[in-house]
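Which chain is which? The protein sequence lines are A and B, in order.
Residue numbering for the first sequence is 0 to 501, as defined by numbering that gives the first Met the number 0.
Residue numbering for the second sequence is 0 to 501, as defined by numbering that gives the first Met the number 0.
No wet-lab data here; the hints were simulated from the structure.
Values in this document were obtained by computation on a predicted structure and should not be read as measured data.
Be a bit skeptical, because a hint or two may be false.
[As the list claims (entries may be wrong)] Computed list of lysine-lysine pairs in DSS-like fashion (alpha-carbon distance at most 30 Å, straight line):
(1) Lys432(A) x Lys456(A)
(2) Lys391(B) x Lys456(B)
(3) Lys89(A) x Lys432(B)
(4) Lys250(A) x Lys391(B)
(5) Lys161(B) x Lys312(B)
(6) Lys312(A) x Lys159(A)
(7) Lys256(B) x Lys256(A)
(8) Lys115(A) x Lys256(B)
(9) Lys250(A) x Lys89(B)
Here are the chains, one letter per residue:
2 protein chains.
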Amino acid sequence: MKLRVKTIPFETGFTTVVAINNRDALRYDLHPGDRVIVETTRSPMRQCIAVVDITDGTTLRAGTLGLFTEVARELGVSTGDTVSVHPAPKPDSLHLIKQKMRGVRLQMRDFDCIVKDIVAGALTEVELTYFVCAAALNELSLEETSYLTQAIARNGSRYKTKKYPVADKHCIGGIPGNRTTLIVVPILAACGLTIPKTSSRAITSPAGTADTMEVLCNVSLTLPEMRKVMQRVGACITWGGAIGLAPADDKIIRIEKPLSLDVVGLMLSSVMAKKFSVSATHVLIDIPYGRTAKVTTKARAEELRQHFLSIGKLLGMQLTVVLTDGRQPIGNGVGPVLEARDTLQVLRGEPGAPRDLREKSLMLAGHLLEFVGHVPKGEGYTVAKDVLDTGKAWKKMQEIIAAQGAHAQPRLGRHSCVIRATKGGRVREIDNKAIAKLARMAGAPITKGAGIDLHKKVGAKVVPREPLYTAYADSREKLAQVKRYDRILAPYHITSSSTGKN
Amino acid sequence: MKLRVKTIPFETGFTTVVAINNRDALRYDLHPGDRVIVETTRSPMRQCIAVVDITDGTTLRAGTLGLFTEVARELGVSTGDTVSVHPAPKPDSLHLIKQKMRGVRLQMRDFDCIVKDIVAGALTEVELTYFVCAAALNELSLEETSYLTQAIARNGSRYKTKKYPVADKHCIGGIPGNRTTLIVVPILAACGLTIPKTSSRAITSPAGTADTMEVLCNVSLTLPEMRKVMQRVGACITWGGAIGLAPADDKIIRIEKPLSLDVVGLMLSSVMAKKFSVSATHVLIDIPYGRTAKVTTKARAEELRQHFLSIGKLLGMQLTVVLTDGRQPIGNGVGPVLEARDTLQVLRGEPGAPRDLREKSLMLAGHLLEFVGHVPKGEGYTVAKDVLDTGKAWKKMQEIIAAQGAHAQPRLGRHSCVIRATKGGRVREIDNKAIAKLARMAGAPITKGAGIDLHKKVGAKVVPREPLYTAYADSREKLAQVKRYDRILAPYHITSSSTGKN
Numbered sequence: 000m001k002l003r004v005k006t007i008p009f010e011t012g013f014t015t016v017v018a019i020n021n022r023d024a025l026r027y028d029l030h031p032g033d034r035v036i037v038e039t040t041r042s043p044m045r046q047c048i049a050v051v052d053i054t055d056g057t058t059l060r061a062g063t064l065g066l067f068t069e070v071a072r073e074l075g076v077s078t079g080d081t082v083s084v085h086p087a088p089k090p091d092s093l094h095l096i097k098q099k100m101r102g103v104r105l106q107m108r109d110f111d112c113i114v115k116d117i118v119a120g121a122l123t124e125v126e127l128t129y130f131v132c133a134a135a136l137n138e139l140s141l142e143e144t145s146y147l148t149q150a151i152a153r154n155g156s157r158y159k160t161k162k163y164p165v166a167d168k169h170c171i172g173g174i175p176g177n178r179t180t181l182i183v184v185p186i187l188a189a190c191g192l193t194i195p196k197t198s199s200r201a202i203t204s205p206a207g208t209a210d211t212m213e214v215l216c217n218v219s220l221t222l223p224e225m226r227k228v229m230q231r232v233g234a235c236i237t238w239g240g241a242i243g244l245a246p247a248d249d250k251i252i253r254i255e256k257p258l259s260l261d262v263v264g265l266m267l268s269s270v271m272a273k274k275f276s277v278s279a280t281h282v283l284i285d286i287p288y289g290r291t292a293k294v295t296t297k298a299r300a301e302e303l304r305q306h307f308l309s310i311g312k313l314l315g316m317q318l319t320v321v322l323t324d325g326r327q328p329i330g331n332g333v334g335p336v337l338e339a340r341d342t343l344q345v346l347r348g349e350p351g352a353p354r355d356l357r358e359k360s361l362m363l364a365g366h367l368l369e370f371v372g373h374v375p376k377g378e379g380y381t382v383a384k385d386v387l388d389t390g391k392a393w394k395k396m397q398e399i400i401a402a403q404g405a406h407a408q409p410r411l412g413r414h415s416c417v418i419r420a421t422k423g424g425r426v427r428e429i430d431n432k433a434i435a436k437l438a439r440m441a442g443a444p445i446t447k448g449a450g451i452d453l454h455k456k457v458g459a460k461v462v463p464r465e466p467l468y469t470a471y472a473d474s475r476e477k478l479a480q481v482k483r484y485d486r487i488l489a490p491y492h493i494t495s496s497s498t499g500k501n
Numbered sequence: 000m001k002l003r004v005k006t007i008p009f010e011t012g013f014t015t016v017v018a019i020n021n022r023d024a025l026r027y028d029l030h031p032g033d034r035v036i037v038e039t040t041r042s043p044m045r046q047c048i049a050v051v052d053i054t055d056g057t058t059l060r061a062g063t064l065g066l067f068t069e070v071a072r073e074l075g076v077s078t079g080d081t082v083s084v085h086p087a088p089k090p091d092s093l094h095l096i097k098q099k100m101r102g103v104r105l106q107m108r109d110f111d112c113i114v115k116d117i118v119a120g121a122l123t124e125v126e127l128t129y130f131v132c133a134a135a136l137n138e139l140s141l142e143e144t145s146y147l148t149q150a151i152a153r154n155g156s157r158y159k160t161k162k163y164p165v166a167d168k169h170c171i172g173g174i175p176g177n178r179t180t181l182i183v184v185p186i187l188a189a190c191g192l193t194i195p196k197t198s199s200r201a202i203t204s205p206a207g208t209a210d211t212m213e214v215l216c217n218v219s220l221t222l223p224e225m226r227k228v229m230q231r232v233g234a235c236i237t238w239g240g241a242i243g244l245a246p247a248d249d250k251i252i253r254i255e256k257p258l259s260l261d262v263v264g265l266m267l268s269s270v271m272a273k274k275f276s277v278s279a280t281h282v283l284i285d286i287p288y289g290r291t292a293k294v295t296t297k298a299r300a301e302e303l304r305q306h307f308l309s310i311g312k313l314l315g316m317q318l319t320v321v322l323t324d325g326r327q328p329i330g331n332g333v334g335p336v337l338e339a340r341d342t343l344q345v346l347r348g349e350p351g352a353p354r355d356l357r358e359k360s361l362m363l364a365g366h367l368l369e370f371v372g373h374v375p376k377g378e379g380y381t382v383a384k385d386v387l388d389t390g391k392a393w394k395k396m397q398e399i400i401a402a403q404g405a406h407a408q409p410r411l412g413r414h415s416c417v418i419r420a421t422k423g424g425r426v427r428e429i430d431n432k433a434i435a436k437l438a439r440m441a442g443a444p445i446t447k448g449a450g451i452d453l454h455k456k457v458g459a460k461v462v463p464r465e466p467l468y469t470a471y472a473d474s475r476e477k478l479a480q481v482k483r484y485d486r487i488l489a490p491y492h493i494t495s496s497s498t499g500k501n
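Make the full structure from the sequences, and use the hints.
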């Protein structure tokens, strides 16, 4: 059937939807959720698959087809043009998703079919939700997780290189200020290793690695741009979202979000697919655990470590997992500019540089150097320390920044306020979630210069009225909000030295 | 924050979605899927809850809020108006859905909370899918099914009466032509029983009870109109969709459709909620089974019967279940006009009336008469037969038709063709699904007069070239399609009498 186009100025961001009048739907036996192929009538012929949504005459007259912005753009049509519409078969993956719901173990080709349909936009949000829910309830086996990982990586762009080994690192997150990547990557690159690092922006945290790196230089590199930087410097720190390495993963994450699901199989495949797609051969996974971290107990961290090791083995990837201290933020600054400041202080060897960030970065870099076989066992830390202390890592970082396109460094928030201790004692813990929330209230990561600068870390002695942290923001209202919520969230746990109690 | 409205001419039919520019989203810390309260700035203040979708500047400028037709209508605003937008808390039911995913047994108040949110449009399609998927994988217990049933019925309109007993019947479907309702209802009403029947339109079948009744009279009654008909005649046969008896059920069904899920707990609560909401006290459930029916084996039918009986007991509803022959369509006609013709022939006692439709209707009506205690055990069939044969049921049906608003009877399809047997023998089975498909190809239910008229039923002797059925349609193309697909679908299974084989 032929219908006249009416564009609807809106992007669904998911499956492509076309709206059709209820009379036309009856006439052509189309039902809500049916799939159709929409084709242009003029050459060059272009087509796309879309899901039918049925609407009444007040929204759309009979004989017209409502096209959302992205479909209209893909087809190159606009209001008044004619397109032809035919029923399309249901995607094969629906049948596989139903099997997964029944608890059937799926094969490599099954996951490939599902992921292909996800990337092509052939599955609706509802259909993909069934897949995610089935994966959550009928847990994915290790084999299935490895199949899904490979399918996600293969159905996306891929960074390839012959300069082996290719090192990579990943932290499962949840610790504010934990910007070791910006120190580990230049150390490794200065040692001559290949390390094509893609990072994420903040979703619910006050800064992602990409947000912090963006303070220093451009991170929105395309795949060809990333290739150029890699050829020139041997390392990069870019925003993964711009590259399209694992597009299916982004859609799966979007489905997990509303219920804040934490499906182990999906999390593993999400992380590993990104390593797979940059051709990593040696990967270090950092799992911080602590009462207010993402992983709350050592037992759970150990369990996750085992999952990672098993999936790494199945994927034929060298993988090492370290469990780290997650009792407090790492470094002093929380928020893009403050975190960038901390990493620069460490790289430049400045006296005020946060020790914990320096030590954790050296430990991770040393571990990776030994793991890839670049230095003998037991010498990693010393080599890393040497590369950092002689300024070689800082030189390398300057090369990376220049290759990606240096930014003028933005300043700290215009306004600030100091939060002081109400009692004396010793800092036992700093609530990661509370600090993250306060830094977001101050405006991070949108306001790059906003955030929290910690003056006291775990173990420090505190006397009453001593400054605990400084909050930076671009408006006084936001600072007032931080002050108000500091009392509610109480991020510092201070115990009086004698009793050891709160 | 205050934003200018831009209306988007489209109805989502599900949750209310508002679109916001990505700069505004960053500025106000809103993420895709976040919930906001949108309020009008002029009095009278109106508000609604909506889910945020984030779009770029080409679709929506910063400072504007995209409102879909239904939200704009609800708020009474149009392009250029100003609204204020605030973050809204996540609905309580999300937490309960997550519990159901973990396998927790939910309570009455939990289901009430979930169903309230479904009806209010507070859950997105993705969120509701998690509920449906969890109900499918962590099966709902009987108690849970009864809680869900009551929650669905209570969170919708309800037909109440004091004229007890209130009889109702329901067929789980899958058998073309099976229009016993149009005969059972007038028989029962002629006996003085209250029977407020609400039926559905065809979704994937060539005619629903509502589609067939619509050939004779208006079926799109509102609840007050239905009340009037009930007061005047004591019975009605209306389209449930117009009344809003169980609005949550429609949304749940919409989520089950893409994967053609058949979740027992959801099916039971769907059927029983509708009985509950018309205050039925005595319900007869008809489960036809056969190789090409919805229920394929007697064992499965028995199992379903037990499920229905148990849930009926829990709901304090008198319930009786009959298993019936589902080896072929019931009656001769398939398609609204043809099915209406069959029922009128039975009601008028015409000699050509289909015997199987007459007998099945008498059996069901007799069973219900005994079940409600209107006649002693063993006398139901005779009483029903008497009411039918003396014309009392036909008189009652005429009253129902008049009360609902009689329609001019539409004619059969303009074109027809006869399909003949290619070999002789005896009809062993008629494929329900194939007949339904052919009738839809002919144009049913949209073209009321389109469909299939069967000349031979199971057990009949057939000689080669003898007519098996006539197809009616409004276009020659559709008839040609029926002819072509008759060979592929081969609806008649004819065995040569001697061997008993195909």
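(message) Hinted pair, alpha-carbon criterion (30 Å max): lysine 432(A), lysine 456(A). Please report holds or violated.
(response) This hinted pair holds, its Cα atoms lying about 15 Å apart.
(message) For lysine 250(A) and lysine 391(B), compute the direct alpha-carbon distance and say whether it is at most 30 Å.
(response) Violated - the C-alpha atoms of lysine 391(B) and lysine 250(A) are around 62 Å apart, more than 30 Å.
(message) Please verify whether lysine 161(B) and lysine 312(B) have alpha carbons no more than 30 Å apart.
(response) 21 Å, holds
(message) For lysine 89(A) and lysine 432(B), compute the direct alpha-carbon distance and say whether it is at most 30 Å.
(response) 19 Å, holds
(message) Checking one constraint from the list: CA of lysine 250(A) to CA of lysine 89(B), max 30 Å. Satisfied?
(response) Given that 30 Å is the threshold and the Cα spacing comes to 21 Å, the pair holds.
(message) Checking one constraint from the list: CA of lysine 115(A) to CA of lysine 256(B), max 30 Å. Satisfied?
(response) Roughly 22 Å between the alpha carbons, so the hint for lysine 115(A) and lysine 256(B) holds.
(message) Please verify whether lysine 391(B) and lysine 456(B) have alpha carbons no more than 30 Å apart.
(response) It holds: about 29 Å lies between the C-alpha atoms, which stays within 30 Å.
(message) Please verify whether lysine 312(A) and lysine 159(A) have alpha carbons no more than 30 Å apart.
(response) 21 Å, holds
(request) Below or equal to 30 Å on CA atoms is what counts here, so check lysine 256(B) against lysine 256(A). (result) Roughly 23 Å between the alpha carbons, so the hint for lysine 256(B) and lysine 256(A) holds.
This entry does not satisfy hint 4, going by the numbered hints stated previously; all others are met.
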